[in-house]
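Q: Whole structure, please, built from the sequences with the hints as guidance.
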Amino acid sequence: MGTWPGGHHVGLRGRRVELGSEWFRTYAPAGLAPGDTGSRARLVCFPHAGGSASAFVPFARLLAPVCEVLSVQYPGRQDRRLQEPVPDVGRLADALAEEVVRHVPEPYAFFGHSMGSVVAYETARRLQAGSAPAPVRLFLSGRGAPAAEPSPHDRLRTDDELLAAAARLGGTAPDLLDDSEVRDMVLPALRADYRALADYRWVPGPRLDVPFTVLVGDSDPVVTVAEAAAWEDFTASGTEFRVFTGGHFYLNDHIDAVGRTVTAALAAPGRQPAHAGSPSAGTGAWTGSSAAPGDVPSGQGGPWQ
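If you count by the numbering used here, then the sequence shown holds residues 1 to 305, one letter each, in order.
No lab work stands behind these hints, which were simulated from the structure alone.
For clarity, every value in this text was computed on a predicted model and none was experimentally measured.
Ideal placement from N, C-alpha and C gives every residue a C-beta, glycine not left out.
Careful: at least some of the hints might be erroneous.
What the hints assert, rightly or not - DEER-style ranges, computed between Cβ atoms:
#1 D94 <-> P150: 17 to 23 Å
#2 E181 <-> G205: 40 to 46 Å
#3 R201 <-> D256: 34 to 40 Å
#4 P204 <-> S180: 42 to 48 Å
#5 E98 <-> E181: 33 to 39 Å
#6 P206 <-> P107: 20 to 26 Å
#7 E106 <-> E181: 38 to 44 Å
#8 G130 <-> R81: 27 to 33 Å
#9 D256 <-> E149: 35 to 41 Å
#10 E98 <-> A268: 27 to 33 Å
#11 R81 <-> P204: 33 to 39 Å
#12 D178 <-> R81: 17 to 23 Å
#13 A267 <-> E98: 26 to 32 Å
#14 D159 <-> P204: 30 to 36 Å
A: Laid out in structure tokens, this is it:
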């Protein structure tokens, strides 16, 4: 099976969640229908910039025995490719908060990677502000905490720079980007997502009453371990940290370990009242936790793109 940029898996269709939501896809293994997982929680997964719902196909297969993965499908990609992409984090979060309330049964958790972490966080803020049921946990991967100014990595770029950045970070096979048809397919969503990140400004407000699990690669060129650790200031319910060897798409090599982290966190009773550990800045070192980053084995779950 081929993999298109941003997790576009050729020949694979995700089922839309019942009740007609165009925002969520499920990728249950053969013989396992959506809703048949017997899960304690559903995991709503938010893709990275330029990514699509099928980026989480390996995760959905891995976690199928314990929870149902609902992958977010942003406008402007895959089966929504004829719709205009949304170049605004706030507008994405507004729409997704409404869709979660209408279509996602409780209990549920959020998992965001890179840009998806920001969209997941802002969606959770809107749910809390509206007194709607909140996610039981936020998993925030490959992204630093919100700041007053955007990261230099989020600046607007030329098309060639955008494509080069996508290839360099490891989320897209470089040979695919040499195909002009693929480039034309990918660029509108990629442009919109980078504009959304460049224009995003955090608006001060209450901390979320939701525990966080923060995951990061120790050699990620986009976010340092210290920047990821700053997420602890945005929750009132405790933060757990996990540092993995690798770069921005460390998940490609550690999908099994990430899956175990998610499973353990969702199985844990209640919400953590205190921080579970804090990594030292930039080193990948670990304090306050029973597992050091070097102890995490490499997974065999396949590509995470």
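Q: Against each hint, give a clear statement of whether it holds in the structure.
A: Hints, verified against the model:
{"no.": "1", "hint": "D94 <-> P150: 17 to 23 Å", "result": "holds, 20 Å"}
{"no.": "2", "hint": "E181 <-> G205: 40 to 46 Å", "result": "holds, 43 Å"}
{"no.": "3", "hint": "R201 <-> D256: 34 to 40 Å", "result": "holds, 37 Å"}
{"no.": "4", "hint": "P204 <-> S180: 42 to 48 Å", "result": "holds, 44 Å"}
{"no.": "5", "hint": "E98 <-> E181: 33 to 39 Å", "result": "holds, 34 Å"}
{"no.": "6", "hint": "P206 <-> P107: 20 to 26 Å", "result": "holds, 21 Å"}
{"no.": "7", "hint": "E106 <-> E181: 38 to 44 Å", "result": "holds, 42 Å"}
{"no.": "8", "hint": "G130 <-> R81: 27 to 33 Å", "result": "holds, 31 Å"}
{"no.": "9", "hint": "D256 <-> E149: 35 to 41 Å", "result": "holds, 36 Å"}
{"no.": "10", "hint": "E98 <-> A268: 27 to 33 Å", "result": "holds, 29 Å"}
{"no.": "11", "hint": "R81 <-> P204: 33 to 39 Å", "result": "holds, 36 Å"}
{"no.": "12", "hint": "D178 <-> R81: 17 to 23 Å", "result": "holds, 20 Å"}
{"no.": "13", "hint": "A267 <-> E98: 26 to 32 Å", "result": "holds, 29 Å"}
{"no.": "14", "hint": "D159 <-> P204: 30 to 36 Å", "result": "holds, 35 Å"}
Consistency with the previously given hints is maintained throughout, with no hint failing.
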